[in-house]
Amino acid sequence: MRIKHWFYTVPLRLRSLFRHSQVEQELNEELRYHIERQTEELIAKGMTEEEARYAALRALGGIEQRKEECRDMRRVNYIDDLLRDLRYAGRNLRRNPGFAALSILIMALGIGANTAVFSVVNAVLLKPLSYHDPDRIVTLSNASMTREAPTALSKQVSIPDFEDWQAQSSSFEAMAYYASRETAVILGSTPEYARVSSVSPDFFRVFAVEPLVGRSFTPEETMRGSSGAAMISYTYWQAHFGGDPRALGQTVRISRPRSIVGVLPPGFRFPNNTDIWVSAVGPAGSRGGQNFLSVGRLKTRVPLEQAQAEMTAIARRLEQQFPETNRGRSVAITRLMDEMVGNVRLTLYLLLGSVTVVLLIACANTATLLLAKASTRVREVALRAALGASRKRIARQLVTENLLLALVAGLAGLVLAYWGSKTLVALAPADVPRLAEASIDRWVLGFTIGMSVITSLLFGSVPAFYASKVELSDALKQGGTRIASGGRMAGIRGLLVVVQIALAVTLVCASGLLIKSFVALHNVALGFQPQNVLVMRATVPAPPSVGVARTRQFFSDMLAQLAKTPGVVAAGATMAPPGYVDSTGAYLLDQLPAKPEDWSRAPSVVLSVAAPGTFAALGIPLKSGRDFSESDTLDSPFVAVVNEALVRKSFPNQNPLGRTIFCPFDSFQGMRIIGVVGDVRQRGPEREPMPECYMPHGQHAFNGATLSLVVRTTGDPNALTQTLRRLAHENTPDVPMKFTTMEAMLYENVAAPRFRTVLFAVFAGLAVCLAMAGIYGVMAFTVGRRSNEIGLRIALGASTGSVVRLILGQGLALAGIGLVLGLAASIASTRLLRTMLFQVQPNDPTVYLAVALLVGLVTLAAGYLPASRAAKIDPVVALRQE
Amino acid sequence: MTTLISVTKGEYMSKPTDLVQGTLDLLILKILALEPLHGWAVGQRLKQVSGDVLQVSDGSLYPALHKLEQEGWITAEWKPSENNRRAKFYSLTRLGRKELEKEAANWNRLSTAISRVVKLKEA
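From first to last, the protein sequence lines are chains A and B. Numbers 1 to 882, taken from my numbering, label the letters of the first sequence in order. Numbers 1 to 123, taken from my numbering, label the letters of the second sequence in order.
Just so you know, these hints were derived from the structure itself, not from any lab. Don't take every hint at face value.
Stated by the list, open to error - For lysine to any residue, the following SDA-like pairs were computed, each having C-alpha atoms within a straight-line distance of at most 25 Å:
id, chain 1, residue 1, chain 2, residue 2
1, B, K102, A, H5
2, A, K67, B, A64
3, A, K67, B, W78
4, A, K127, A, A436
5, A, K373, A, A878
6, B, K79, A, T251
7, A, K373, A, C769
8, B, K67, A, L27
9, B, K79, A, E40
10, A, K516, A, K373
11, A, K595, A, K516
12, B, K121, B, W78
13, B, K47, A, K516
14, A, K564, A, S631
15, A, K45, B, A41
16, A, K45, B, K30
Unchecked claim - From the derived model, a few chain B residues whose C-beta atoms are all more than 12 Å from chain A:
id, residue
17, T23
18, L26
19, E35
20, A41
21, L54
22, S57
23, P63
24, L65
25, K67
26, R86
27, W107
28, T112
As the list claims (entries may be wrong) - Quick list of simulated restraints, FRET-style, between CB atoms:
id, chain 1, residue 1, chain 2, residue 2, range
29, A, G446, B, K79, 24 to 30 Å
30, A, G450, B, Q48, 30 to 36 Å
31, B, R85, A, R19, 43 to 49 Å
32, A, E210, B, A104, 55 to 61 Å
33, A, R384, B, A104, 32 to 38 Å
The beta carbon of each residue, even a glycine, is placed where N, CA and C say it ideally should be.
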């Protein structure tokens with residue numbers, strides 16, 4: 001009924017609003033017609049034309065009154081009023097272009113920065129994952145209770161464990177494991193890198209995703225030992241086949257040929273922007289071989305806690321059943337969304353918080369500006385009130401003005417945000433999930449509008465309150481030049497400035513801590529020399545049976561040729577260049593343990609396979625013993641090089657050289673320690689070095705038939721790229737390559753701290769500028785208001801210095817209060833930053849001291865102009881103004 | 001519905017019978033249910049059918065028409081009138097027909113009740 005009603009009435013209301021002149025004209029015409037007919041009627045009854053016309057008009061009782069009554073029936077008066085208010089507000093803003101531009105700029109900065117950050121927060125944290133029923137998708141990860149958690153690798157699970165979980169649990173609709181790797185893919189004859197994920201049979205059921213074209217894997221294709229098939233992402237399909245359905249049946253070579261059987265719908269690229277999915281058909285491996293990640297879909301109405309309880313019980317059973325591998329191992333169930341955004345959530349929310357602080361400062365700033373304007377408008381407001389406008393009507397008028405200001409600022413902010421959002425995405429670390437989806441969508445738009453409305457209330461409330469207190473008689477008597485309540489207004493302005501300074505101080509403190517910590521991060525001893533090192537990642541595409549030998553040969557040949565290449569200082573090859581960990585494991589010394597369960601108590605170690613020359617190329621110092629050599633092959637005794645962290649842990653005051661170490665990577669064979677090298681921060685500059693065991697590439701396999709060539713050069717390392725590409729092509733044409741430099745990798749390693757440091761610094765800078773403008777404003781206002789008094793002081797012999805002190809003293813007093821409040825707030829709030837700080841405590845006194853100094857300097861700078869103006873006041877002029 | 005006020009306005013007009021508020025709506029709806037008419041003709045028709053008992057002032061007619069139109073009960077169309085000039089003709093909508101039925105039923109109830117009270121024999 002209501003809906004049907006609206007069907008008739010809404011178009012009419014819209015018509016009344018937007019075709020206003022037409023509606024009016026029709027009303028005129030309708031009434032005119034009435035009068036004409038009535039006149040004719042009365043003439044027919046014998047009246048003269050004039051009499052008839054007058055009678056017709058009289059019967060209507062006043063055309064304008066009737067029109068007004070008809071208009072009232074349209075029920076859009078409040079909108080009419082609003083439009084009138086808006087027109088009036090627009091005129092008002094245009095009359096004060098300087099004020100309008102300044103306040104719009106300030107608010108646009110605040111709203112724009114907020115919108116930009118929110119667009120990222122929205123894309124990364126708020127939008128639900130674009131899978132069917134995403135809340136039911138969870139990750140199942142290994143939760144080791146005994147070992148320290150060294151890397152993300154430790155979350156991985158083994159196939160036998162997974163199969164037991166799957167068989168014994170009942171909370172899941174589907175469960176799957178997967179592993180993902182950037183590897184060599186040959187399509188036709190061109191080798192290139194693509195993201196390939198091998199997945200277990202139920203993988204697509206977990207995400208409830210169906211192929212867009214073609215089919216999913218058949219049961220035969222998912223059997224162990226099958227030749228396997230491949231499914232490709234929509235993006236890969238478009239890029240390599242132009243969306244041609246004939247892609248189906250084509251062959252891609254990923255270590256062996258596989259036939260493309262299906263294309264997944266756009267948007268599905270789990271995990272890590274996968275290009276190609278293959279079914280995991282390798283051997284199940286051992287319970288200790290934790291090489292896969294696991295996901296599951298909860299059954300409907302099974303809460304996460306219930307699934308967790310069930311899995312904990314299963315893990316406990318497995319622990320008892322297989323103590324040698326599973327002791328201390330449990331399972332952690334986490335929602336996929338939480339797992340994906342876990343690392344960035346705090347950063348993004350802190351950024352949103354800091355940018356909100358900037359907006360609050362902008363509001364306080366604009367409120368000060370409005371307050372200054374309000375004092376000149378007191379007369380206008382009083383006049384309107386005297387002419388009968390109700391307080392409510394005046395308040396509505398003022399609110400409309402503020403709203404218009406905020407909405408214009410919001411619009412300008414949106415433009416800033418569009419640009420800011422792009423900048424944020426470009427600045428952000430590459431591993432932030434779903435960042436590319438950040439855009440100005442309707443949620444962001446709604447946020448901006450909401451922000452504008454809220455801010456208009458925030459900055460408008462103080463002046464509106466002030467205006468509502470205006471005493472009519474006072475204001476009209478005063479003639480608008482001076483205001484009785486000037487003292488109280490100065491108080492409000494002072495308060496607003498204190499708030500601005502306090503807020504700015506908290507941001508500057510946080511930013512200072514992050515900057516100090518970022519500097520510390522840059523000064524940390526990495527343990528290697530990143531300058532002038534070219535890194536070439538290469539993968540030899542071949543079935544695992546021959547792949548290792550071919551890869552080894554390829555890199556040995558490359559190294560031999562590089563040794564003769566001019567401009568090369570040293571060259572090596574490693575499975576994991578510093579900053580990335582490829583494999584972790586455990587180690588034992590001297591002899592293999594009698595009981596297999598002793599492995600579960602063995603210390604953790606980073607495992608790395610390296611070619612001779614790697615330490616020299618990376619600038620890792622050899623502390624004792626020797627580097628690997630080309631003669632360390634499968635036919636010679638197994639050897640290893642360990643780092644000092646391992647020596648400190650396991651050989652305190654002993655000589656490790658000649659001792660035997662067992663690190664099950666691809667074999668249980670013991671290795672003689674032949675050298676000790678300096679520690680490298682393997683997990684990026686933020687984290688302490690772990691014990692590491694290097695194994696020669698001549699004696700071990702390497703993950704994914706992939707190594708990274710590291711070449712130290714005399715000049716710009718990038719200059720060598722073409723030479724390396726040519727050499728590689730001459731050796732093996734089907735090897736895909738990726739070039740980077742050690743410095744670029746390091747840059748990526750600190751992308752997250754850089755992102756937050758830069759943004760906090762920008763927001764803090766913005767806050768300081770706004771606060772500075774606030775201090776300036778309040779001091780200039782004081783000088784203006786007290787010019788008589790100052791003139792009098794000067795006339796009575798006050799020195800220039802004492803006048804300057806008077807003015808600056810006021811500014812410094814406000815700044816001092818703001819500083820104290822801000823520092824107190826900082827001490828309370830910077831604890832939130834704790835996990836983001838590196839070698840810096842949240843209440844670092846030097847940072848706080850520097851902030852205090854900065855605030856003092858900024859206040860003096862902001863106060864310079866007003867103070868010097870005060871000092872130049874001519875007492876004669878000032879006193880004559882009275 | 002029960003508040004009694006005069007729908008005729010203006011002091012210099014004769015007020016033969018005050019109408020119960022809403023009754024004018026009912027009358028207009030009923031008249032328009034018979035055939036689409038323009039404003040002036042609605043006024044004329046009212047006088048005709050009520051034998052001049054119900055005199056609705058011209059002044060109150062138009063606001064009432066506009067109100068009914070805004071409610072969606074009647075709809076307007078510009079057409080040539082019987083003397084070949086453009087006039088605004090009102091006609092009943094489907095919603096208006098329902099409203100008419102409802103109002104008419106209300107009116108019947110009310111008038112029956114009132115006449116029952118009026119006919120009570122005095123002791």
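Hint by hint, here is what the structure shows:
1. B/K102 / A/H5: The given pair, whose Cα atoms are some 16 Å apart, holds under the 25 Å limit.
2. A/K67 / B/A64: Cα-Cα ~12 Å, so holds.
3. A/K67 / B/W78: Answer holds: A/K67 to B/W78 is near 18 Å, not above 25 Å.
4. A/K127 / A/A436: This hinted pair holds, its Cα atoms lying about 13 Å apart.
5. A/K373 / A/A878: OK: A/K373 and A/A878 at ~22 Å, within 25 Å.
6. B/K79 / A/T251: violated, 74 Å
7. A/K373 / A/C769: Holds, because 21 Å separates the two Cα atoms, which is no more than 25 Å.
8. B/K67 / A/L27: Distance of about 13 Å is within 25 Å: holds.
9. B/K79 / A/E40: holds, 19 Å
10. A/K516 / A/K373: violated, 42 Å
11. A/K595 / A/K516: Violated, at roughly 49 Å.
12. B/K121 / B/W78: Not OK: B/K121 and B/W78 at ~53 Å, beyond 25 Å, violated.
13. B/K47 / A/K516: violated, 92 Å
14. A/K564 / A/S631: Holds - the C-alpha atoms of A/S631 and A/K564 are around 19 Å apart, at most 25 Å.
15. A/K45 / B/A41: Status holds; Cα separation ~17 Å.
16. A/K45 / B/K30: Given pair A/K45, B/K30 is violated - Cα atoms ~28 Å apart, limit 25 Å.
17. T23: holds, 18 Å
18. L26: At about 17 Å from chain A, B/L26 clears the 12 Å cut-off, so the statement holds.
19. E35: Answer for B/E35: holds, closest chain A Cβ roughly 17 Å.
20. A41: B/A41 not clear of chain A: closest Cβ-Cβ about 8 Å, inside 12 Å.
21. L54: holds, 16 Å
22. S57: Non-interface label fails for B/S57: nearest chain A Cβ at 7 Å, not farther than 12 Å.
23. P63: Check fails; 4 Å does not lie beyond 12 Å.
24. L65: violated, 8 Å
25. K67: violated, 4 Å
26. R86: Violated, since 7 Å does not exceed 12 Å.
27. W107: The assertion about B/W107 holds, with a minimum of 21 Å to chain A.
28. T112: holds, 27 Å
29. A/G446 / B/K79: 24 to 30 Å: Given a distance of about 45 Å, which is not inside 24 to 30 Å, the answer is violated.
30. A/G450 / B/Q48: 30 to 36 Å: Taking Cβ atoms as reference, A/G450 and B/Q48 lie about 59 Å apart, which means the hint is violated.
31. B/R85 / A/R19: 43 to 49 Å: Given range 43 to 49 Å: violated, Cβ gap about 23 Å.
32. A/E210 / B/A104: 55 to 61 Å: Holds: the Cβ-Cβ distance is about 60 Å, inside 55 to 61 Å.
33. A/R384 / B/A104: 32 to 38 Å: violated, 49 Å
Checked against the numbered hints given earlier, this structure breaks hints 6, 10, 11, 12, 13, 16, 20, 22, 23, 24, 25, 26, 29, 30, 31, 33; the rest are met.
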